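Here is how the chains run, residue by residue.
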Amino acid sequence: MGQTAKLRFADDVTREIEVAPGTTLLKAALEAGVRLDHQCLSGTCGTCVCRLVCGAGTNLPGRSVCLLPGEVAEGYRLACSVVPTGDTEWQFDYPSTITDDSAIARHVAAVEGLRMVSDSVFELSMSRMDSAASFLAGQYVRITLPDGSARSISMSSAPQDLPDLRFLIRYLPGGVLSEHLKTRCRPGDILELEGPMGSFVLPSEAGPKIFIAGGTGLAPILSMLDHLRHAGTARSPMVLCFGVGREADCFYKQELELRQFWMPKLTLRLACDERSPTVADPDLRTGSVVSLIEPADIGPDSTAFVCGPPAMIAAASDRLNSLGLPAERLIVERFNPS
Amino acid sequence: MTVTVQKTDRRLYEPYLRAKWGLKNHWYPALFGVELPEGGVKGVEIAGTPILLRRIKGRLYALHDRCVHRGVRLSHKPTCLTDDTITCWFHGFSYNLSDGMLMSIVGSPDDELIGKHKLRTFPVQEFRGIVFVFVGDEDYKPIPPLSDDLPVRPPKNDAYSAAHPLDEDAVILGIHTTVRCNWRLATENGFDPGHALVHRDNALVHALAGQRPQQLAYRPVSDDAFRVFEGDGPKGIMNMYGSDKYIPVTENKALNLRSATGTDFKFVGSRTSMYLPGVLMVENFPDPKVMHMEWYVPIDDKTHEYWRCIVANCPDETARERFTYRYQNFYEPLDLRDFNNADVDASEAMQEVYERDGWNHENLFTLDAVLIGWRKLVSRYNRGIQAPPRGSE
Numbered sequence: 007m008g009q010t011a012k013l014r015f016a017d018d019v020t021r022e023i024e025v026a027p028g029t030t031l032l033k034a035a036l037e038a039g040v041r042l043d044h045q046c047l048s049g050t051c052g053t054c055v056c057r058l059v060c061g062a063g064t065n066l067p068g069r070s071v072c073l074l075p076g077e078v079a080e081g082y083r084l085a086c087s088v089v090p091t092g093d094t095e096w097q098f099d100y101p102s103t104i105t106d107d108s109a110i111a112r113h114v115a116a117v118e119g120l121r122m123v124s125d126s127v128f129e130l131s132m133s134r135m136d137s138a139a140s141f142l143a144g145q146y147v148r149i150t151l152p153d154g155s156a157r158s159i160s161m162s163s164a165p166q167d168l169p170d171l172r173f174l175i176r177y178l179p180g181g182v183l184s185e186h187l188k189t190r191c192r193p194g195d196i197l198e199l200e201g202p203m204g205s206f207v208l209p210s211e212a213g214p215k216i217f218i219a220g221g222t223g224l225a226p227i228l229s230m231l232d233h234l235r236h237a238g239t240a241r242s243p244m245v246l247c248f249g250v251g252r253e254a255d256c257f258y259k260q261e262l263e264l265r266q267f268w269m270p271k272l273t274l275r276l277a278c279d280e281r282s283p284t285v286a287d288p289d290l291r292t293g294s295v296v297s298l299i300e301p302a303d304i305g306p307d308s309t310a311f312v313c314g315p316p317a318m319i320a321a322a323s324d325r326l327n328s329l330g331l332p333a334e335r336l337i338v339e340r341f342n343p344s
Numbered sequence: 004m005t006v007t008v009q010k011t012d013r014r015l016y017e018p019y020l021r022a023k024w025g026l027k028n029h030w031y032p033a034l035f036g037v038e039l040p041e042g043g044v045k046g047v048e049i050a051g052t053p054i055l056l057r058r059i060k061g062r063l064y065a066l067h068d069r070c071v072h073r074g075v076r077l078s079h080k081p082t083c084l085t086d087d088t089i090t091c092w093f094h095g096f097s098y099n100l101s102d103g104m105l106m107s108i109v110g111s112p113d114d115e116l117i118g119k120h121k122l123r124t125f126p127v128q129e130f131r132g133i134v135f136v137f138v139g140d141e142d143y144k145p146i147p148p149l150s151d152d153l154p155v156r157p158p159k160n161d162a163y164s165a166a167h168p169l170d171e172d173a174v175i176l177g178i179h180t181t182v183r184c185n186w187r188l189a190t191e192n193g194f195d196p197g198h199a200l201v202h203r204d205n206a207l208v209h210a211l212a213g214q215r216p217q218q219l220a221y222r223p224v225s226d227d228a229f230r231v232f233e234g235d236g237p238k239g240i241m242n243m244y245g246s247d248k249y250i251p252v253t254e255n256k257a258l259n260l261r262s263a264t265g266t267d268f269k270f271v272g273s274r275t276s277m278y279l280p281g282v283l284m285v286e287n288f289p290d291p292k293v294m295h296m297e298w299y300v301p302i303d304d305k306t307h308e309y310w311r312c313i314v315a316n317c318p319d320e321t322a323r324e325r326f327t328y329r330y331q332n333f334y335e336p337l338d339l340r341d342f343n344n345a346d347v348d349a350s351e352a353m354q355e356v357y358e359r360d361g362w363n364h365e366n367l368f369t370l371d372a373v374l375i376g377w378r379k380l381v382s383r384y385n386r387g388i389q390a391p392p393r394g395s396e
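Sequence order for the protein chains is A and P.
All letters in the first sequence, in the order written, are residues 7 to 344 by our numbering.
All letters in the second sequence, in the order written, are residues 4 to 396 by our numbering.
Just chain A, with the same shape it has in the complex (with noise of 0.2 angstroms):
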């Protein structure tokens, strides 16, 4: 057993790494997938800075670290340069997540606005107040009220349009969250969210797509969508099947039609259950969203995207696995009404 180095971080995370004699402090923990926040890797910057809270170490030779006496003698070391002696332990003044774009923060933001886009579903757009991590398309947070609860809701907005954020919530009668936002909820309150958390984000590659929406399951797809679009990375075709329950629960109609305008290579199409006997919309077919997908939509690099309550991604799941869509192209998110 070789000499052990522990690192201590912000967020009460410690790492235990092993560190082979000689080996500077910064190269042991990246060689173990530990990562520091660094930059010059020459003693200059200073970036590497932490704090030796037990053992030894020394410096490498020949180089002049930019600490100054004082700051050494408090035990602040450079990662970059100090090579342990025997087993040590290190404190960083930053969290775990540090060198991560998107690690899970607190943040606040202002409520900035509030209004309900069909009969049973509310779009509350917020202004996030710090101006730290962005997150991913397709992410959500928790929201805490002031009750204490929490909730958690997808983000409909893309990253672009930080600090700018919003949101689609179902009005679930006696919800905590919907009785909030229908009661309470007013422009200028302050909320705190904890993220972004989630795993229901886009790939890396660029291939073909079809997003299935089911109700405020819109949400995380529109982010997705808009970062495409932003990004000017929406160049492979791209189909979004969203469906409703009532005809009169149907939103955001023009919202998708703007996408469609502004995104030749997106094909939309719209459903609901149900019929109203006065709206009789032509654009939405009447019947599942499931029954939207079509076999020319999977091709043999497609990727789908599958939001909405857990029914429907049951449903969608067989009808995409049935035309051959492998399990590893489809990435699906589960929601519950809150």
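These aren't lab readings, by the way, just hints derived from the structure by calculation.
Check the hints yourself; a few may be wrong.
Derived lysine-lysine pairs resembling DSSO-like cross-links, with alpha carbons at most 27 angstroms apart [said to hold, decoys possible]:
#	chain 1	residue 1	chain 2	residue 2
1	P	K248	P	K292
2	P	K121	A	K33
3	A	K271	P	K144
4	P	K305	P	K379
5	P	K144	P	K379
6	P	K159	P	K292
7	A	K271	P	K379
8	P	K80	P	K305
9	A	K188	A	K259
10	A	K271	A	K259
11	P	K80	P	K45
12	P	K45	P	K305
13	P	K119	A	K33
14	P	K45	P	K60
15	A	K259	P	K379
Every value quoted in this text rests on a predicted model; they were computed, and no experiment measured them.
Starting from the known structure of chain A, arrange chain P on it as the hints suggest.
Below, chain P alone, put in the same frame as chain A:
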């Protein structure tokens, strides 16, 4: 499914309104070839991206013009110590021209950073005497051909056909200057059917008085007054002047204003058209069979590089000499400078209000239809909207 969004809904061109910093993933003119002689280094800025251009041993290189060390522009004081590298004048960070890799540092030849940092490189080519750079995402693939970012080339039997850059014998001469105006306003002025009034007293109009009528404006009178190019190749929109879809306006009785030149000429007119990422074609202008061409290359959100060119077919040396003579003595002074300076003036006048949210306070009128068509075309067919550079907003 048809779009039921109201045709007047401004949201249809919301992406255009966001495109302050230009469209990305396009070929833009950076310099005339003669501005970058063998051994030369020049810095340009396109859509917020500083780009260094180098010509050495006949090859062109385009690199990000910011040293990785402190971010200064290498072109500020060009330093080339070897044929295949460029060195930052400040602390000696030196980069390979071919791949941008940091290959040495003057004062620290064994530095840890060497081989770990690089400047990004840009696709670059010289065509008809103009150096073009492909500006946008590093991983954009496939890179479209330059011809997709030039005006469409009407068939040679088209009555309006004029010289085109893609013609084998095309020669392009011109100038470029920096104008304090967002690129979008300049494009809109460039093919605005109503803006002819700004040219009313230009010397060019009087010089051509015996040959072509002066119009006060062109008024569209039909739904198909403009033609839209949405297929493969260039994306653009063309004013179909000269057809019965557009009426040339030569008189306004209420204002007692008449065209100075009369209207009674038989000539092949000039159509104007605009293409992504902001390229103007005016066929048969100022002379029949030559093309007047402009680019409005975004520099930042408030300035653009205004390219004004004349394209002519020069099948032999004599034709080239004749074109050069007429260019120097007629096209450049009267068209590209005197005439186009009226456009510069109009563009700068718009900038003043549009940078104070003029976009949301317009009252457009019947002659502006083609401009809205352009805005929607850009919104639909852009290859991406350039994001503001870090720290700019």
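Checked hints:
1. P/K248 with P/K292: holds, 23 angstroms
2. P/K121 with A/K33: Distance ~21 angstroms between P/K121 and A/K33 Cα, so the pair holds.
3. A/K271 with P/K144: holds, 16 angstroms
4. P/K305 with P/K379: Roughly 22 angstroms between the alpha carbons, so the hint for P/K305 and P/K379 holds.
5. P/K144 with P/K379: holds, 24 angstroms
6. P/K159 with P/K292: Holds - the C-alpha atoms of P/K292 and P/K159 are around 11 angstroms apart, at most 27 angstroms.
7. A/K271 with P/K379: holds, 16 angstroms
8. P/K80 with P/K305: Since the Cα atoms of P/K80 and P/K305 sit roughly 26 angstroms apart, the hinted pair holds (cutoff 27 angstroms).
9. A/K188 with A/K259: holds, 23 angstroms
10. A/K271 with A/K259: holds, 18 angstroms
11. P/K80 with P/K45: holds, 10 angstroms
12. P/K45 with P/K305: At roughly 22 angstroms apart (the allowed maximum being 27 angstroms), P/K305 and P/K45 satisfy the hint.
13. P/K119 with A/K33: Between P/K119 and A/K33 the Cα gap is close to 15 angstroms, so the pair holds against 27 angstroms.
14. P/K45 with P/K60: holds, 16 angstroms
15. A/K259 with P/K379: Satisfied, since the Cα-Cα distance of roughly 19 angstroms is no more than 27 angstroms.
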